[in-house]
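Fit chains L and S to the known structure of chain W by using the hints.
Residue numbers (the working numbering), protein chains in the order written: chain W, 743 to 870; chain L, 743 to 870; chain S, 743 to 870.
Just so you know, the hints here were simulated from the structure itself, not pulled from any lab data.
Nothing here was measured: the structure is a model prediction, and the numbers come from that model.
You can take every hint at face value.
If several chains are the same, the list does not tell them apart, and a pair holds so long as it fits within one copy or across any two.
Straight line, CA to CA, 30 Å or less: simulated DSS-like cross-link-like pairs of lysine-lysine:
1) Lys757 to Lys814
2) Lys797 to Lys814
3) Lys797 to Lys808
4) Lys757 to Lys797
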Amino acid sequence: MKDCKNIISTTNAPKPFGHYSQATTHNDLVFISGQLAANSDGSHGFENSFSSQVKQCLENVIEIIKEVGGSKESVLKITAYVVGVEHWEEFNNVYAEFFGSVYPARALVPVPALHNNYLIEIDAVASV
Amino acid sequence: MKDCKNIISTTNAPKPFGHYSQATTHNDLVFISGQLAANSDGSHGFENSFSSQVKQCLENVIEIIKEVGGSKESVLKITAYVVGVEHWEEFNNVYAEFFGSVYPARALVPVPALHNNYLIEIDAVASV
Amino acid sequence: MKDCKNIISTTNAPKPFGHYSQATTHNDLVFISGQLAANSDGSHGFENSFSSQVKQCLENVIEIIKEVGGSKESVLKITAYVVGVEHWEEFNNVYAEFFGSVYPARALVPVPALHNNYLIEIDAVASV
Chain W
743 MKDCKNIIST
753 TNAPKPFGHY
763 SQATTHNDLV
773 FISGQLAANS
783 DGSHGFENSF
793 SSQVKQCLEN
803 VIEIIKEVGG
813 SKESVLKITA
823 YVVGVEHWEE
833 FNNVYAEFFG
843 SVYPARALVP
853 VPALHNNYLI
863 EIDAVASV
Chain L
743 MKDCKNIIST
753 TNAPKPFGHY
763 SQATTHNDLV
773 FISGQLAANS
783 DGSHGFENSF
793 SSQVKQCLEN
803 VIEIIKEVGG
813 SKESVLKITA
823 YVVGVEHWEE
833 FNNVYAEFFG
843 SVYPARALVP
853 VPALHNNYLI
863 EIDAVASV
Chain S
743 MKDCKNIIST
753 TNAPKPFGHY
763 SQATTHNDLV
773 FISGQLAANS
783 DGSHGFENSF
793 SSQVKQCLEN
803 VIEIIKEVGG
813 SKESVLKITA
823 YVVGVEHWEE
833 FNNVYAEFFG
843 SVYPARALVP
853 VPALHNNYLI
863 EIDAVASV
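Isolated chain W (complex conformation) (with noise of 0.2 Å):
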């Protein structure tokens, strides 16, 4: 019944900039890091738009729950980590069109700062 814990890694998403895994899974669960707008190849994008970061971070998010055969229909809950509230409905808008039709809960937490300046990250949890 119990499967092993398993470290996801797929060069679709940006490595991880520290001492992580871009996510573990267990059983059908998936447990996907806190995605940044850096792009695949390591190239940073925290000079990019509010809009711009918030789509990078999301098909970080979806790159990596492809790596183990799921779709964003697979995202169960979605918290987006944002630097400036008044963001909100720039937020909604471009999440919006990237999920279409997928509804996943949801929690944005405003934050002070990120790393690098960056001005959203966003983990998630899949089942897949």
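This is chains L and S only, laid out in the frame that chain W set:
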């Protein structure tokens, strides 16, 4: 063994303000979206006292859990995002009165601000 | 198939400061409450260095996991709430030394302040 992911929706808690569900379920786990102190009729509660907002958020969380047959006892973990760490004691008092003999795991996370100037947002993981 | 939710309690980690358990379990998942750098005897560590606080928080998390038969290897996801994003590098260094060959999923969430002026709080999800 694997159940479909389900989207939870109840009229006993406020409708989502953005592109998310009140909660999702996977097998017997429930992931509840961040709840603000809005009422189930959609009216806002951001002008209410901090204590009142804590109670309303918790009631929203539990109403969503009830929709899938759970109760306060079903809560595994609460994460409370609070504007103003000085509210810690007041938060804990209202929270203790609300949960009574039930002691979920918990994290209190101070944040610089919340959507619509709410003072607290609460999300949760539960099992039913 | 469905186990009862269990409340975890160990004297090897600080008692909860408020109305919560050190952790709850559901089947083989463990939800660990936000740990501050207090000692298991209840004495506070908020005057200790940032590095020292990181290590103490992580030790508290692992002591709680040990109570249900787990270890560092059991950790699926760490969320670290940090006062001052400028501590990122120092956090990562202490964290890497602590976890060694283990790479849980992780999110680092800057916060404006923490209870009792602590500099870091860490919660976790694990499987045992």
